[in-house]
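Put the two chains together into one complex, using the hints given.
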Amino acid sequence: MESNRMQDLLPLIEAGDQQACFDFLTPLSVKHLLLVSELKSLVESLHRERLQLAEVRRKDSTLAPLKVRFQLAKACLFIVSNLSQQKTRPLWMIPEAQMLSCVVKQFQPSWINEWAEWVLDKNPRYYAIIDDWVQMGYCQKPQCDSYYLGMIDHLGDEHLVERLLSLPDVLAEDIWRIFEIEGYGEFSLASHDKYCPVSARWLNALVSLSAQGALPRERLLSCTLKALRKDYSPFRAGWYGRLLQQLNPTETELIRHLPELICLANSQVSTSVALAVRYFLPMVKSGHLSTEKLVEPLKSALNAHTKTVFSGVLRVLKAAAKVSPENNSLLLEVAVKALSLEASDIQTTALDFIESYEEGHSSEIKMLLSSYQPLLMPSIQQRVSQWIEVDSSKDIEPTFIFEQDLNAVNRIKRIQDFDELLTSISYLFELSDDVIELERTLDGLGRLATNKPEGFEFMTAALRKRAYRLVRQKVADPVRFFFALMLLSYFDNKNYFGSELDRKDLYQQPHASFIDVFYQRLCGLTQQLLDEQKLPSLSLPELPSGAVHLDTLVERWLSVMESEANFLEVEQRLAIYRIESFEKLSDKQIKQLQRRGDEFSNILLFLGGMDVQLNKEGPLFAAASEQKLKAESNDILVGLAPSMLSQENTEASLSFAQLFASANTGSYGHHVCGLHKSIVRWAATVWPANMELYYAAAAAIVDVERTEIQRQTPHYYEPLFDSNVKLGPMAMRLLAKGLSAADFEHKGMAIEVVIRALAEDRLDVSMLAEAMSKLLKDIPIKLLRWRKNLTEIATTSAYHAAQVLTLLKQLLSEQGTCLPKGIGELLELMYELKIASGDFDLEPQLETLLKGLQRGGKERNYSQKILTLH
Amino acid sequence: MVQIEQHYQYHQHSSLEKARRGLCLNLSSSAELTQSATLFEGDIQHSEVTARSLRVLGDVIESRFYEPAALNNKRAKHADPLATVGHDALRFEGFSSCCSIYARLDIFSQGFKARQLSAGTTHVEFGATVKAALAGVYNHSPLSIMLNSASPQLVTKKKALVHKQISLPLRWIKGLAEVQALQTDLQPIFTLNRFRALKLLRQLPSRASKNSVWLECLDNNVVVHHHPYATGIEFNGAERLQLLKSLIPIAQSVSLFADPKGQLTTWVVDFGSSTFTLVLSAEPARGLSGEGQLLSHLANSNDDLVEQVQQLLNQQQYLATDVLSEQLSVTPEAVKSALTILASRGLVGFDAYQQRFFYRRLPFDRNLVEQVHPRLLEARKLLQSQPIKLVLGEQEVITHIASNDATYQVKLRADEQRCTCQWFAQHQGKRGPCKHILAGQMALREYH
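As you go down the protein sequences, you meet chains A and B in turn. Just remember that this note's numbering sits 152 ahead of the position in the first sequence, which is counted from 1. Just remember that this note's numbering sits 418 ahead of the position in the second sequence, which is counted from 1.
For the record, the hints were derived by calculation from the structure and aren't laboratory data. All C-beta atoms in this analysis are idealised placements derived from N, C-alpha and C, irrespective of residue type, glycine included. Among the hints, erroneous ones may be present.
Computed from the model, here is a short list of chain A residues facing chain B with C-beta under 8 Å [as the list claims (entries may be wrong)]:
id : residue
1  : 382
2  : 414
3  : 418
4  : 419
5  : 420
6  : 492
7  : 574
8  : 578
9  : 579
10 : 581
11 : 615
Listed next, the in silico BS3-like pairs over lysine-lysine satisfying Cα-Cα at most 30 Å (straight line) [stated by the list, open to error]:
id : chain 1 : residue 1 : chain 2 : residue 2
12 : A       : 293       : A       : 257
13 : A       : 346       : A       : 437
14 : B       : 663       : A       : 934
15 : A       : 626       : B       : 848
16 : A       : 1010      : B       : 663
17 : B       : 799       : B       : 848
18 : A       : 656       : A       : 626
19 : B       : 617       : A       : 470
20 : B       : 663       : A       : 470
21 : A       : 929       : A       : 1017
22 : A       : 973       : A       : 1017
23 : A       : 293       : A       : 346
24 : B       : 829       : B       : 848
25 : B       : 436       : A       : 445
26 : A       : 518       : A       : 1017
27 : B       : 679       : A       : 829
28 : B       : 617       : A       : 934
29 : A       : 470       : A       : 1010
30 : A       : 257       : A       : 274
31 : B       : 829       : A       : 378
32 : A       : 518       : B       : 617
The following block holds chain B by itself, in its conformation from the complex (with noise of 0.2 Å):
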């Protein structure tokens, strides 16, 4: 399996400083990252609501809510968040040390004043001091945030340079990519107010729980079932829901979004002028960066028109598929396709609430977010180690597939396939195809 190593460094810590005009919240960032020396600097609108995103975002970095054996009693080492600075919104990102929740602040235009701001995605250091220090901002105290590589006005020649490595985990590159293209398919379920919100979050539980609760939306109130209900939406690891306690309050509304297959859980809270999306995962155990529903668009993806949506990335931060679908002369469903597998390559983000793309380059190669699926390298492994015979049958395609002295059998039909392995057993499809089916489909796909 290919191994991705992506190191960055600081040249000095984030803090919260007193300025002219109220705070300046000075973010150190990752300098070999960025271009420019700073990447930002302006007002914010609502400082508070910030200030407590902010604070709620590195809760949930720090947070763990699934431990394998192999962790117990250890510290988990935190990496920091992304920023990515555009012209119409600043963002700020990152994952749960356990990898089932990915959440996003997203400042939109509205909601700031720059000064100064060129556009990139940089990793900002952020750390308990800075978490602490926000604590003291409320609404009156007017607060501007700073992203800096290097900040000569608090280098001076008694303080030596701060240097702080991180190696950003594997599973985040893997997420980042991953987590904007499953948002794809979700569906808005209910939108709530703050008090109907915060109802709902004390009716869930506060600790780990391994079963499922099921949500289901009457008239505008949430009633939480215990056991499986028909039209209930199914929520397992509730008590992920908590880290958004301290936000409720402040928003405007809480939106839920989710898949079909009920394999995520998207909650946007809503402030206005910015917005806090979570992001979780069907069960705490199961990390997002994991996930294979993708799996099969890119094994047979079409690279000439994934290419041709590329091209037209950088002109426009906001990316609507029908704009793009007549530009291109395709339909939308096939530009929503392409786009996906750009959000798989770390190319572009989705954002849930508005559901719209929006141009993000990731800070790291994106050429080997690819090759980081493990089930994908295998199935290009099985389909070069051997030939694959095809049975085609009027409903059905049936092949064998060796592999580690089994045969395994896949069937593929048009709306479902199924392997006798024991990762197919395990998940019946719900995380994507087995490394057989993706090895069938795409020897089909050759063979077509």
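Just chain A, with the same shape it has in the complex (with noise of 0.2 Å):
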């Protein structure tokens, strides 16, 4: 009976008696079912019983005899299972190496060869194991690429020329497969070198035995040249780059390996083609390869499009044109391709090539130039104009259509009725940082959901769920978590901020932020729902920014009866903080207000202008009369906390930060707006009508070398695309840190503003040069960065290029003597600007700038340039 073997065995394995569990597990058949289920169980039940008692008594004596047990029954279910038993579980279900081992040899499982390479690919680490066994005869070797990346590993120790030297089978054989296999992730030659000491590498370990006669060094080069053939992934074909260039081929090898190099020259990485073109020169130069034959493999590498290779090409093609004059008009076809590159000195030097060998001007190559002209830079184009009519028709400025004043279009309309109030909130489970569709329904919830249709329940249902899915979830995003959890507070009719269910510690910062402002708000929003109190949102917005009107929010205050307007403080201070401008109000709403005679009515009254007395000390003055001050508020802040100001964090964000914070002394951190998204969106709604608060918060996260974690922080630029949005100190130096940014979002936002607000002129190009000016003084910056995004600028229209050549000029003026390094990639842009633009004109204090440098390289080649060109 199956149930009395489990009885029979687990008294065997209790007893931690490995000889008797496999002397009572051998005569039984294959078939063993139920056997298998329950060992199964026992093997998991015992694993949770080891994770426990590992995580509470980890040095408890009681651990080691339940490893000998858990061992056991993973060995006995080991032994009853057939193969696509095994292929089903995990990989902690197989017994410890020395048990393994001691099963395999004992039962000889028929399917061992098929398991050793199910199980080397789903961890190649177990290669150590299968070798042993390899070794013992216990199975065949197996020929699956994983056991060979598990030798990579396993083997690449300390010792790794000792241990190769001890292993003749793997010298003669497997060491060769290593060059046949790619690899992934952490299991590649160019992984393991990364991450182990120098005597570990496998590539210094080959040239050793290389040298010492142990690896035949023909044959390593090669597998090494097949290797690279084969495209691998830049980072893993760079391994075998790196050790071709150890090997240093001799001219002979080289030659014997010429029809691999030429194949190399055609690869899609670029490092692979850069190190064939580098190879070529020699034979070039020695007259073993043919004009004729290079030709085709130059072109080719010149599609790999970076400066190594391309001004590798043209040194080849210099070489060529020495060897065999008289083919240089096949040569000259390469060099008008090496144009391609949007880069000064590389099209410089092909257009030297060509001037050089082209003097009779032929069709072909006018042609050939001309087709070209999108590409050239403009001092090139002015060259290239004395051999072929320049196309002026690029000129033509483009026409762009922005969405002007978003604001004066998109009027904020509420949610009319109950139906509209469920679309949305079901929009809003899943897309949470469309804010003004949350603000929307958020006034909707306040006016409508007291008022519960007929067949609430069921119209209900499905969101309901929904809410509740997204709590259980603990989903990234707070504002999308305490959405939800209103939502399900409110359909259970049951508050459940503050309960078990609410996660609000997952999302809390370290410091005072407006994740606590928008937690504060929805959890009152959801006591008002559960009191049935029927209030609209004060604070909605009337327009995308955020902003509202002082006599919308005027008549919003006076639309509810006095006895009933219960509006939370947080609320009330989001009201003030969005008001975006402040016209009179009528008589009758003064009187309105006045008669009214609370607190609210009256700051009211005083931002409206009116005279009015005022309790100074609350919440709401505090916010009224930032307001009212903005400016001058924050150097009254400043006084307050001086020493906690860097670069960034400034005035301007400490008081952004302050401004919901429940006492002045509270810690601020640069995250104030959050992370996520749908919080930052919602934190640009706060304070419309001062966004430099927001910029500075903004512009002390931006981490300009960083590219993958502050994805989320691209969104901090979208306010800037507002036309109506003015741009200060804080929205440049933002956009001063976007243009040196390294991640691809952040440059292209910073670059995509500064387009649009030159284009709309409400950008002075001399406050942005101040703060790149100032941001070179503060961190270091990649010149090369600033040169690139500013061509993309420029490139836009003539104005564009115009507005840039101001901007480079006032930079450079603003550096002083001490010129940062790197400054000539600002100033081969700045002569291509002049170029383009024919403004030869220099301030004299450039000027003298400009003669005055010492250092040599692009930085002297092109100051000299815009000199001359003066």
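Now the structure itself:
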């Protein structure tokens, strides 16, 4: 009986008697379905027990016997299972190495060869066990790639060379397989060598073995080239490239491997192409590579599109032209193709080559040159114009149709009925970053949710289910989570804020942030819903920027009966901050507000320019006075905590952090607006009349060198697209950082804002130059990025180009005599823009600066060129 | 859900061999899918273009632009491309591992000179060795292609037969059928010469980026916007376009086609006698196989017309809607709709560049294709499991559909459909109707 078998086996496992267990299982036939299932349950329960014990009593002595039982149970399960069953299980169900070897030795499963390949495929680190079995004859040597990937990992320690020398089979056969396998993740030659000491690197070991004569050099070279031709990922191909370089092939070897090198020039990995081109040079010089054979590979190499490849190709061209001048027409075609890289120095060298060998200005070359026009730099275009007629049609100014004044056309409408409210809720459950829709829905809930229509439960059942699931899932977005918690409370008529379901702790920042403000607001609104208070949202934005007009706010306030106007304090403060314009109140409004005489009515009168007595200690007064004073209030706050101020964490961001913080003594970190898209967008609607504070907070968190972690922060740039937004110093600081960022999205957003703001005439380039200059002094900036990004802005239109030129002039003037490293990049752009615009004038200060430049290279080259233009 | 397991195997590896007249690309095809041993044998006019295009196709198949957590650090097993031999064109097609990219190389009749040709579709073995070998093909080296299920001259007594068994992923089967039909609504956006196209490629991200860019064509120059732009084409996962970087420098032109909803972009690289088409889904995380814009077509198809059009398929290589509409005396729109359904069944392909359908019979059981749409199956189950009550209004039909212990409200209007379920809230109809809307549509059709 199956069950009896388990009853008999269990005491043996409990006793940890391995031999008895094995003896018990030896005579059994393969079909033990019940036994398999019971053993599997036992292994799972022992695993759980072990984890619990390990967590609670890490050093307890009860762990050791449990470990023995656990291993034995796993071994029994392994013995009674067939291959299909083994393959469905996680790897932790496999016994440890020693036990596993005992099992295999005694039972010798017929499927062990297949299992070995399967387990290696799951984790190549099983190589050590499998290789032992192969040596002992328990299984055949696997032929799968994972076996060799495991070998790379297992043998690659500090004694790699010695170990390889002691394994003649590996040296004779296995080692060549590693050239045929690309690998993945941490299992590849490139990954292994990156994270191990020098003495454990395969690259060094192979070079050393080759030098010792233990590995045939010819085969090593041949395999390396074969691997390079397979176009592995650039990271992994790089390893083989480095190996080839370390092997340093002789001219004779290069000649022997010429066909492979020619193929390599067509590789899709630019580093491999660069390597091939590098090896062409000595062969061309020695006459072993003819121009006829060279032309096609060189043309293909230029598809790699990196400066290294292009400069390498141009060097080869020069050498080839010297060796066989009779074939220059073929080389000229390659030189023209080298104009496709938009880099001044490369294009200059290419054109120099063309001009020196193409005296006759043949029609073919002219035609080719004219087709490359869109890619030519202005200075090259000027030179080329002597040969061909430059197409002036490209100078047509593009017309940009930016969304002019979004606020004027997109006034926000209120939700009309319960049906629309449900649609909005459903939408926000999935897309909570639409913060204006969120505000509409909060307003709709306040006005409409208390009148539950007939069939309410039926209509909302699906939404309730979704809200519950979002809360249980603990979604990453705080806005989405709190909104779902609010709705769940509403559907169940039970306040879940503060309950077990409320996981505020997951979203809390270590400092005061807008997440706290948002939480407070939704918590209060939920209670109002449950108390069946019918209140509209005071702070509902009228415009996409989040702004509300003062008279609208007054109307909203007055539309609610005095006795029922039980608005949350956080709601009242938010409404005050969202006021964008302070129109004069009508006499009727003034009278009505005076009649009410409560604190909020007095605040509204104060904001409307009336002289009223206010409670000067309350938070509403603080909000109102900040709104009224704006710039002056920042100075007050600077005085409060000057020690906290750093370059970006200026008074502005400090003030923004204090906006809704419960006390002025709270700690303020950089991420006052949170990190998630939705809360960042919501924070942008808080104080639309004073966005500088928001940009200051944004500038503080942008790290120009990071590319992955700050994925959400590009949303900070969004308000800058609004044509009503004026760009102050903090917005400029944010843009300067964006233009310096390594991250594509940051730089893309910054470029786009600058292009649009220039087109809309709301960006002062001198302010941007000032911000960039200040940034250059604060943090190390890669000026190549500025050159590339400013070039992209300049190519938009002639107007943009002129503005960029002005910016560069001011930026360079502000540097004084100590120019930062890499300024040659900006000088190059300046030179090209001067050529393009014909503006050759130079301010005296800049002229002196350029004349006094000491460093060589690009810096001197372009400063001389600019001075020559002048 | 119905699972389709499609296996195919080869008897030898593909190879690039030196032949009498240059190089011969011997592509091993799946034996069980072809009736004749040699589907194609002929010379290719532009060796380098073809070799490079095939390598890019191989790159597409190996590429993965979205990695679900479950796949983290695991190697994907790649399927092999499909080859179709027709009298007018030789085609190779395949999907990326993430299924967000579909690529097809069309070599038209002027680009090859066939010595032997037998129409059909099959898988071809295309491994790293062939790809590496193709790197050595330059313009001056003549190239011929042979599509073979067994090549006797290469199988010697000493060499054992190679058996490489591959299982065709289900999403390839779904995607191959779906992507043809999805392209039928595409509109031409712009065509650039190779220099402008190169410039555009350099402005686009080369690394994964979550946010979209918007492409605006002004005077033959494309401006890349990083913020929503009214007249721009939204383009997400732009790093996927870098796959074309080695093709653009040798192209004559590059054209972009996009659908009005911004759910699909198709890039066509034109080499004159051949084209390379790259179809990109709305974002890398969305596989082309999971799109459902065609479900309404499938749920409400005119079966009679579809059958009539199907009967005409064998007679012509290219299928012109106007000619078919004349033959069948129906409107071109009705023919297009029928061809779209046939495309989704794997019976025709669509060439976005030439805006025409072509006959291509996918090598698997086409009757199952319709059954692998889970939403359609679920909708049919919903329809069978409950009486669906329709409330007919002047402008809309409202119905409530119970599913998984909740009831969803479905509103059907002439111009739009809405549902209160999560799927609809997430995608707002951009990825096709949800199962509740489909059930409502089917109920309405039954009512009429």
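Going through the hints against the structure:
no., hint, result
1, 382, "holds, 5 Å"
2, 414, "holds, 7 Å"
3, 418, "holds, 4 Å"
4, 419, "holds, 6 Å"
5, 420, "holds, 6 Å"
6, 492, "holds, 7 Å"
7, 574, "holds, 7 Å"
8, 578, "holds, 4 Å"
9, 579, "holds, 6 Å"
10, 581, "holds, 6 Å"
11, 615, "holds, 7 Å"
12, A:293 / A:257, "holds, 16 Å"
13, A:346 / A:437, "violated, 36 Å"
14, B:663 / A:934, "holds, 26 Å"
15, A:626 / B:848, "holds, 26 Å"
16, A:1010 / B:663, "holds, 29 Å"
17, B:799 / B:848, "holds, 23 Å"
18, A:656 / A:626, "holds, 10 Å"
19, B:617 / A:470, "holds, 27 Å"
20, B:663 / A:470, "holds, 27 Å"
21, A:929 / A:1017, "holds, 27 Å"
22, A:973 / A:1017, "holds, 19 Å"
23, A:293 / A:346, "holds, 28 Å"
24, B:829 / B:848, "holds, 16 Å"
25, B:436 / A:445, "holds, 18 Å"
26, A:518 / A:1017, "holds, 26 Å"
27, B:679 / A:829, "holds, 24 Å"
28, B:617 / A:934, "holds, 23 Å"
29, A:470 / A:1010, "holds, 22 Å"
30, A:257 / A:274, "holds, 22 Å"
31, B:829 / A:378, "violated, 62 Å"
32, A:518 / B:617, "holds, 21 Å"
The structure fails hints 13, 31 (numbered hints given earlier, in ascending order).
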